[in-house]
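Participant: Line by line, the protein sequences give chains D and W.
Numbering that gives the first Met the number 0 puts the first sequence at residues 0 to 309.
Numbering that gives the first Met the number 0 puts the second sequence at residues 0 to 309.
Careful: at least some of the hints might be erroneous.
What the hints assert, rightly or not - In silico lysine-lysine, DSSO-like type, Cα no more than 30 Å apart, as pairs:
1. LYS232(D) with LYS75(D)
2. LYS244(W) with LYS142(W)
3. LYS232(D) with LYS220(D)
4. LYS80(D) with LYS232(D)
5. LYS108(D) with LYS244(W)
6. LYS75(D) with LYS220(D)
7. LYS244(D) with LYS232(D)
8. LYS75(W) with LYS232(W)
9. LYS80(D) with LYS108(W)
10. LYS232(W) with LYS75(D)
11. LYS80(W) with LYS108(D)
12. LYS80(W) with LYS151(W)
13. LYS244(D) with LYS142(D)
14. LYS244(D) with LYS10(D)
15. LYS10(D) with LYS142(D)
16. LYS108(W) with LYS220(D)
17. LYS220(W) with LYS108(D)
18. LYS232(W) with LYS244(W)
19. LYS10(D) with LYS232(D)
20. LYS10(D) with LYS220(D)
21. LYS151(D) with LYS151(W)
Source of the hints: derived by calculation from the structure; they are not laboratory data.
Residues per chain are reported as follows:
Protein chains: 2
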Amino acid sequence: MNAPFKAPTTKAVDFLDGLFDAGLLMRTGVDGVYGRAGIFEEVIDRFEALVTRAAVGDGATRIHFPPGMPRRMLEKSGYLKSFPQLAGCVHSFMGNERDHAQLLAMLEKGEDWTELQQATEVVLTPAACYPLYPTVAAQGPLKPAGALFDLKSYCFRHEPSQDPARMQLFRMREFVRLGTAEQVTAFRQSWLDRGERLIAALGLPCVVDLANDPFFGRAGKMLANNQRDQGLKFELLIPVASDDKPTACLSFNYHQDHFGSLWGLQFEDGEIAHSACVGFGLERTALALFRHHGTDVEAWPDEVRSLLWA
Amino acid sequence: MNAPFKAPTTKAVDFLDGLFDAGLLMRTGVDGVYGRAGIFEEVIDRFEALVTRAAVGDGATRIHFPPGMPRRMLEKSGYLKSFPQLAGCVHSFMGNERDHAQLLAMLEKGEDWTELQQATEVVLTPAACYPLYPTVAAQGPLKPAGALFDLKSYCFRHEPSQDPARMQLFRMREFVRLGTAEQVTAFRQSWLDRGERLIAALGLPCVVDLANDPFFGRAGKMLANNQRDQGLKFELLIPVASDDKPTACLSFNYHQDHFGSLWGLQFEDGEIAHSACVGFGLERTALALFRHHGTDVEAWPDEVRSLLWA
């Protein structure tokens, strides 16, 4: 009952099938879109509470955004330049009764009715922090101490996969620090330390490594190399669906003044703000816990249980 | 500081502006898509905990679905027949590097690039229970006692509005009962009673009334009348943005065997299951609390505070 999953070194789909068999995830018919069992949710709840306790001294301001944001915001953000293949734009039917009759007839015949829709003003949020920068910029200049935010959002990335650690819809908890280069890099360093300690305390094997985002196309390769050369992105990796290719469960990003310049985030003296963030992949971390400690949480190691169910 | 909002009897937008001014909601530039302050989230958390306590004796099975579900599931559900105008379908860019260059050129020129996308297999979830029925049907026949589920999901409805109680993206907590007609109508009646007591205990004025869904078009009027004649839908209404038109914060629905027939939900003897649900509009209830008790939760009535922060 509580045996950790057989190490699925090559086939993530075997790990996924094991999660379905254990009733932790539920099939919907689309890769990367699953139902979650109550106990899966409880593990996420408890892990989030642990993260909150690790962050309590920082005094972050909690803000929440829904899983969708304005299309104009995504267009301005540069996301469509770097990751066009991952973005999701919400389209809706805006026709009259005659158009509706056509839609139903097409649906009845099994034809593609989706072109009868038009793009709305809403896109799906690709990372929890995207709506934050323009929201904070609208609140006026930063104080000298900068600012720190605590976010959580469902995110969408169009990358259907049978690796359960690569869902199309997943939750990200994120802390975002705005301030000077020194302030935000010190914040990132403190979470590189805290994140690794936190994951190790949960009995999970992990390494922290330099990383890059999956930029699109040939030009994207240069962006990725540049990001690596400057040490802008680190990831905390845990073997989840594969021992050979561990999964990024936490990421630690320094954006320099990219978002500050883009959205006009600045101090009272006009200096452009830098930003950094730490993101926790909530489904990924829960999956890592089930992978290494087994499907029965009652039989997880005592030290892990006492930490989560504190 | 703690004055309840001036009764915005005619203009919901005044109530919305008051929420922005108080920092409880944050503008994003799109009607019905807002950031939420930490205290707004905390009120939702505490209200949800109260609902959980009211339901604890029922022993519901918790399941969670993400804010998107398979398009095929929505197509089969009949939603596009009844509410085509509210549905949201996720489209993504699936082109090559040349297509991407075209997209960026159109974006640069301010042209409509959205037609370069194709429909994905994902649509946004319109109500928390939609993905549940096929999921439960796949688990085999129901036992004689039926089943009860505890759901929570972000939902999308394309109805941009300046009434803050009509968001495009909002959260719904929902209990869904599957069983015989007697079992599910008794469940609904118990929540009609419990729901009204719970809202009254929070110091909110409310009435329960017969209701209908916003079915599309002329044919929809007949469906709405039919739904009313059969007493299938009740709503608990609280004045939120308007005193004249109170807002449905809870709804109590009896689906007869509609979902049971559609998805093959049946008992071991082959009898088709009936279903009923109670839905809690989490943003709407939080808005009702701020509307009636003021923007400063520290100054809310003691009996309300002690109930929520129990």
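Participant: Now tell me if each hint is right for this structure.
Facilitator: Evaluation of the provided hints:
| no. | hint | result |
| --- | --- | --- |
| 1 | LYS232(D) with LYS75(D) | holds (22 Å) |
| 2 | LYS244(W) with LYS142(W) | violated (42 Å) |
| 3 | LYS232(D) with LYS220(D) | holds (15 Å) |
| 4 | LYS80(D) with LYS232(D) | holds (19 Å) |
| 5 | LYS108(D) with LYS244(W) | violated (41 Å) |
| 6 | LYS75(D) with LYS220(D) | holds (22 Å) |
| 7 | LYS244(D) with LYS232(D) | holds (18 Å) |
| 8 | LYS75(W) with LYS232(W) | holds (22 Å) |
| 9 | LYS80(D) with LYS108(W) | holds (14 Å) |
| 10 | LYS232(W) with LYS75(D) | violated (43 Å) |
| 11 | LYS80(W) with LYS108(D) | holds (14 Å) |
| 12 | LYS80(W) with LYS151(W) | holds (25 Å) |
| 13 | LYS244(D) with LYS142(D) | violated (42 Å) |
| 14 | LYS244(D) with LYS10(D) | holds (11 Å) |
| 15 | LYS10(D) with LYS142(D) | violated (50 Å) |
| 16 | LYS108(W) with LYS220(D) | holds (26 Å) |
| 17 | LYS220(W) with LYS108(D) | holds (26 Å) |
| 18 | LYS232(W) with LYS244(W) | holds (18 Å) |
| 19 | LYS10(D) with LYS232(D) | holds (27 Å) |
| 20 | LYS10(D) with LYS220(D) | holds (27 Å) |
| 21 | LYS151(D) with LYS151(W) | holds (16 Å) |
Figure legend: structure checked against the earlier numbered hints; hints not met, in rising order: 2, 5, 10, 13, 15.
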